[in-house]
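**Q** Read off the chains here:
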Amino acid sequence: MTVQIVLAMAALTLREVARRRVLRSLAALTVILLSLSAWGFSRIDAEFGGLTSGEARIASAMVLNLVMFGLSLIAALGTAFLAGPTLAGEIESGIALAVLARPLRRFAVLLGKWLGLVVFGSGFVILAGIAQLVIVRVTVGYWPPQPVAGLALLAAQTTALLTLGLLLSTAISPMASGIVAVGLFGATWIAGVVGGVGDALDNESVARVGTVSGMVIPTDGLWRGAMYALQDPIVLSPELIGSPLVSQAPLTATYLAWAALWVALVLGLAGIAFQRRDL
Amino acid sequence: MTALSQQDSRGRLAEPSPAPAVWCSGLRKRYRRRTAVDDVSFTVGRGEVMGLLGPNGAGKTTVIKMLLGLVRPDAGEVLLLGKPAAEPRSRARVGYLPELFRYQPWLTAAEVLALHVRLAGLAVPLHERRECLAAVSLADRAGDRVGSFSKGMQQRLGLAVALVARPELVILDEPTSALDPIGRADVRDLLLTLKARQVAVLLNSHLIGEVERVCDRVVILDKGKVAAAGSLTELLGQRELRLQLDDVSPQAHARLAATGSVNQSGNSFTLALPSHQDNDTTVPDLVADLVGLGVRIHAVEPGRISLEQRLLDILRAGSSEEQR
Numbered sequence: 000m001t002v003q004i005v006l007a008m009a010a011l012t013l014r015e016v017a018r019r020r021v022l023r024s025l026a027a028l029t030v031i032l033l034s035l036s037a038w039g040f041s042r043i044d045a046e047f048g049g050l051t052s053g054e055a056r057i058a059s060a061m062v063l064n065l066v067m068f069g070l071s072l073i074a075a076l077g078t079a080f081l082a083g084p085t086l087a088g089e090i091e092s093g094i095a096l097a098v099l100a101r102p103l104r105r106f107a108v109l110l111g112k113w114l115g116l117v118v119f120g121s122g123f124v125i126l127a128g129i130a131q132l133v134i135v136r137v138t139v140g141y142w143p144p145q146p147v148a149g150l151a152l153l154a155a156q157t158t159a160l161l162t163l164g165l166l167l168s169t170a171i172s173p174m175a176s177g178i179v180a181v182g183l184f185g186a187t188w189i190a191g192v193v194g195g196v197g198d199a200l201d202n203e204s205v206a207r208v209g210t211v212s213g214m215v216i217p218t219d220g221l222w223r224g225a226m227y228a229l230q231d232p233i234v235l236s237p238e239l240i241g242s243p244l245v246s247q248a249p250l251t252a253t254y255l256a257w258a259a260l261w262v263a264l265v266l267g268l269a270g271i272a273f274q275r276r277d278l
Numbered sequence: 000m001t002a003l004s005q006q007d008s009r010g011r012l013a014e015p016s017p018a019p020a021v022w023c024s025g026l027r028k029r030y031r032r033r034t035a036v037d038d039v040s041f042t043v044g045r046g047e048v049m050g051l052l053g054p055n056g057a058g059k060t061t062v063i064k065m066l067l068g069l070v071r072p073d074a075g076e077v078l079l080l081g082k083p084a085a086e087p088r089s090r091a092r093v094g095y096l097p098e099l100f101r102y103q104p105w106l107t108a109a110e111v112l113a114l115h116v117r118l119a120g121l122a123v124p125l126h127e128r129r130e131c132l133a134a135v136s137l138a139d140r141a142g143d144r145v146g147s148f149s150k151g152m153q154q155r156l157g158l159a160v161a162l163v164a165r166p167e168l169v170i171l172d173e174p175t176s177a178l179d180p181i182g183r184a185d186v187r188d189l190l191l192t193l194k195a196r197q198v199a200v201l202l203n204s205h206l207i208g209e210v211e212r213v214c215d216r217v218v219i220l221d222k223g224k225v226a227a228a229g230s231l232t233e234l235l236g237q238r239e240l241r242l243q244l245d246d247v248s249p250q251a252h253a254r255l256a257a258t259g260s261v262n263q264s265g266n267s268f269t270l271a272l273p274s275h276q277d278n279d280t281t282v283p284d285l286v287a288d289l290v291g292l293g294v295r296i297h298a299v300e301p302g303r304i305s306l307e308q309r310l311l312d313i314l315r316a317g318s319s320e321e322q323r
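Line order of the protein sequences matches chains A and B.
Note that the first sequence covers residues 0 to 278 in numbering that gives the first Met the number 0.
Note that the second sequence covers residues 0 to 323 in numbering that gives the first Met the number 0.
The following block holds chain A by itself, in its conformation from the complex:
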């Protein structure tokens, strides 16, 4: 019974996304980003004809990471602003009243919405990511070393952020939860960059900023893992240490396990907050 409720709510969430123009706006944004990147990559090839093959690979890998960051940002904004209204908005408008008076557990509703958003967010990141990889392949002939791992980590990053958005939306208003989720996403990215600079300068306390923020909210850590999987190992030259578009090390299994546990914990917390909430 609970499984049925979860699936029904997931299907409802996907239908909402499809019908609420979110999909169309995201598709439009993505097409713009992909076209711009296609043009950009074709210019790299045309204008830097004098580059050595190594230099061209470095440029391609870094620009690819930049564009992928853009994609993950679109996915993050999209899902964070969907996760807020889907719960807090329905509580505020009263849509939740009729639904939650049915013979179901609130956690099943939350889990269903989460699942729907994960399918949507991951689906978007993976499809747009594949399109981007194909564009890079066609324009400059670059193919990342671990494309599957890279896209999976991007999807995991989106999942982590939308889970956080759901937790926030059980406590604060729909708009505020979207803004706070995106704000935290941006803050951890900056903390990650600061940590990278700390690493480059061998300054332990500055480097710790990145480590700690990566533990508290794993979105940036997962993003760095994705970058590592997408970049050519050639970019790991000493000159590029500390660059925000280069990741120095792959993710450890421990970190991945922590990220999965983090998502489960945040979802559990959201479940408890939602269960206790008076409507």
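No lab work stands behind these hints: they were computed from the structure.
All residues carry an ideal CB built from backbone N, CA and C; glycine is no exception.
Treat the hints with caution; some may be incorrect.
[Said to hold, decoys possible] Have a look at the derived ranges for each label pair, beta carbon to beta carbon:
no.	chain 1	residue 1	chain 2	residue 2	range
1	A	Ala-170	B	Ser-176	28 to 36 Å
2	A	Ala-170	B	His-205	47 to 55 Å
3	A	Glu-91	B	Glu-76	28 to 36 Å
4	A	Glu-91	B	Gln-197	35 to 43 Å
5	A	Trp-38	B	Pro-124	34 to 42 Å
Guided by the hints, dock chain B onto chain A, whose structure is given.
**A** Using the frame of chain A, we list chain B on its own:
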């Protein structure tokens, strides 16, 4: 609204369970410093239509939400159709129209019903869902998005949602707040149909006439407490008879006094008829006897204390006690 009466009651228990539709005891809820509901207990029997009355802020909606598990009570117990309300299954045969009725604007009316049937864990065939929409006069809008509906239409849809999963108990919170007079009459018919089908109804409404016409029993809430409860006869108690009389002899006076307590002002007599005399012969017998005693009768006007008057009396008595 006849389609619903034709709808059979498949899926309902063949033998009605003895457990009441709603049983709640000692419900309490505080919001910060304000006590919204204080020690509320009542029962709604199977097939019974019960009205929940009271002024704004009396705690009616909070009580309803506590019954449905939407608000957590600070204290008290609730059984729905014999099952503790903490179990979601207790709501399997409960239909609910919230006071704040909103449905997914991106779905069509038919899809909203399909969703609720699925969430209720039932397999209600398409034709039955269509009948349900027809019962609230939305049959021709089944394929339209809810976002394009007026408030009244959304409330009608809410009624259909409350009725679609073959409920044994229907909880309606202000079901006519957005409806026009025709819509209100439709809801009244619908309530009578539910009553005929032995579906229990808990009705919160400000339209006292509506409550008086369809409810078997009434609970009046004031400031979070039960101010009065009982059947309409119990609550409204006596009937009265107003007469305009001339040539009233002492014997005629005695005849009047034998029927009920007399209140005279000039030629106007008001007789309070005790409720146990509430039968068809009291008034005609009295009139025949008075004529026999030579009394000239200008007017005989039977009256009943209206529920509205009784409600106002109860609420005013409550507030004056508080001021003392």
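**Q** The structure should be examined with respect to each hint, and the outcome stated for every one.
**A** Checked hints:
A C-beta distance of roughly 30 Å is found between A:Ala-170 and B:Ser-176, which places it inside the suggested range of 28 to 36 Å. Here the CB-CB span from A:Ala-170 to B:His-205 is close to 34 Å, at odds with the stated 47 to 55 Å. A hinted range of 28 to 36 Å holds for the C-beta pair A:Glu-91 and B:Glu-76, which are about 30 Å apart. Between A:Glu-91 and B:Gln-197 the Cβ separation comes to about 37 Å, which falls inside the hinted range of 35 to 43 Å.
The given range of 34 to 42 Å is broken by A:Trp-38 and B:Pro-124, whose C-beta atoms sit roughly 56 Å from each other.
The earlier numbered hints that this structure contradicts are 2 and 5.
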